Amino acid sequence: MKIIDGGVTAAKGFQAAGLAAGIKKGNTKDMAMVYSEKPCVAAGTFTTNVVKAAPVKWDQDIVYNHPFAQAIVCNSGVANACTGAEGLSYCKKTAEIAAAELHISEDSVLVASTGVIGKQLPMDILGEGVKKLVPLLSSTREAGALAAQSIMTTDTVSKEVAVTVELSGKTVTLGGMCKGSGMIHPNMCTMLGFVTTDAAISKEMLQKALSDVVKDTYNMVSVDGDTSTNDTVLLLANGMAENELVSEENEDYQIFLDALLYVNTCLAKKIAADGEGASALFEVKVIGAESKEQAVTLSKSIITSNLTKAAIFGHDANWGRILCAMGYSGAQFDPEKVDLYFESAAGRLQIIRDGVATDYSEETATKILSEKEVTAIADVKMGNASATAWGCDLTYEYVTINADYRS
Numbered sequence: 001m002k003i004i005d006g007g008v009t010a011a012k013g014f015q016a017a018g019l020a021a022g023i024k025k026g027n028t029k030d031m032a033m034v035y036s037e038k039p040c041v042a043a044g045t046f047t048t049n050v051v052k053a054a055p056v057k058w059d060q061d062i063v064y065n066h067p068f069a070q071a072i073v074c075n076s077g078v079a080n081a082c083t084g085a086e087g088l089s090y091c092k093k094t095a096e097i098a099a100a101e102l103h104i105s106e107d108s109v110l111v112a113s114t115g116v117i118g119k120q121l122p123m124d125i126l127g128e129g130v131k132k133l134v135p136l137l138s139s140t141r142e143a144g145a146l147a148a149q150s151i152m153t154t155d156t157v158s159k160e161v162a163v164t165v166e167l168s169g170k171t172v173t174l175g176g177m178c179k180g181s182g183m184i185h186p187n188m189c190t191m192l193g194f195v196t197t198d199a200a201i202s203k204e205m206l207q208k209a210l211s212d213v214v215k216d217t218y219n220m221v222s223v224d225g226d227t228s229t230n231d232t233v234l235l236l237a238n239g240m241a242e243n244e245l246v247s248e249e250n251e252d253y254q255i256f257l258d259a260l261l262y263v264n265t266c267l268a269k270k271i272a273a274d275g276e277g278a279s280a281l282f283e284v285k286v287i288g289a290e291s292k293e294q295a296v297t298l299s300k301s302i303i304t305s306n307l308t309k310a311a312i313f314g315h316d317a318n319w320g321r322i323l324c325a326m327g328y329s330g331a332q333f334d335p336e337k338v339d340l341y342f343e344s345a346a347g348r349l350q351i352i353r354d355g356v357a358t359d360y361s362e363e364t365a366t367k368i369l370s371e372k373e374v375t376a377i378a379d380v381k382m383g384n385a386s387a388t389a390w391g392c393d394l395t396y397e398y399v400t401i402n403a404d405y406r407s
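Note that the sequence shown covers residues 1 to 407 in our numbering.
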């Protein structure tokens, strides 16, 4: 696998565009489009929140009940959630406009929205935005970057990644972009994410691959404990790399799966690092577990602990909060056997051994915890399973951002 500079336009046949349509106040980019020159097989994973936004319902129908997809239209500023039949009709209207402009079928247009819940989309503005996006579509690196910028809400940076691999002697590319900063707590996945590939792969294998990698990527991220109404990850494959069709779990499928795992791990970590108000990416590794399920439960309990997140913000090696979070996770383990380490670019330090504090230096611990990326490693000494979760510290800025987000 080779890491390359790129995003959703990295794979053959994919184009993108972004612009300021006027949905948001001021001249702020708020609409993006992704388009494939050829029809794609599509896979998707969606929020398990009972309250599902209209675009989630629209996309579920397209992904699950139609053979192909060819375009994605995404707006920022208005979530089109809790908008009833009118909101769903606006998804259809958006697809109709895009289909007419692109000369493709309406049921091959996916839509996505992010922003304030409860407001209806300004369809006059959004419709004109779609019409303006189509002539701007381009396969350039710049076009992909602009699209990534145009789906941001409270994000402080755009999020992109791309890689290439070899499948049956052909170079296959995967590229992606996502947005996510707050309202991040996965139960399927979280945020909006769009991944494109020129791999030739069956729809069944594509969906299996995406569903598998979601468990170890987006499902292992938390910023604030809130699972969004709009969570959507879409994966489009147009087959233009002309590799042998991947239709079973063979060697090529494993190579593709590994590349997809890397792409979505990178995007998931970018979301955690850009958590609202965050000053540090907080990674938690649980090792020595007796099962993957146990490791997942323990790592996610630590990453979602507000007290632990606050301690990371204060560069405070308050390890009791971590052990406490493990204790109420529901997973069974012996706290008197746990070893805990903190690690960052500044070094690695063992904080507890067999459930008891070591004679560590607070000064050294503070130095390690003052880096932009901090890792806690908990060894429960029960087996060989492990899991990694990602989150961020909890800062004053998080409250400031969310106190006036709507107004």
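Worth double-checking, as some hints may not be accurate.
Claimed, not checked - List of simulated lysine-lysine pairs, BS3-like, C-alpha gap at most 27 Å:
1) 92 to 119
2) 269 to 92
3) 372 to 269
4) 93 to 131
5) 285 to 170
6) 25 to 119
7) 119 to 24
8) 92 to 132
9) 52 to 29
10) 170 to 2
11) 38 to 93
12) 208 to 170
13) 38 to 285
14) 25 to 170
15) 57 to 24
16) 25 to 131
17) 57 to 92
18) 2 to 203
The set of hints was computed from the structure by calculation and includes no laboratory data. The structure displayed is predicted, hence computed values, not measured ones.
| message | When the structure is checked against the list of hints, which entries are broken? Sort them ascending. | response | 2, 5, 13 and 14
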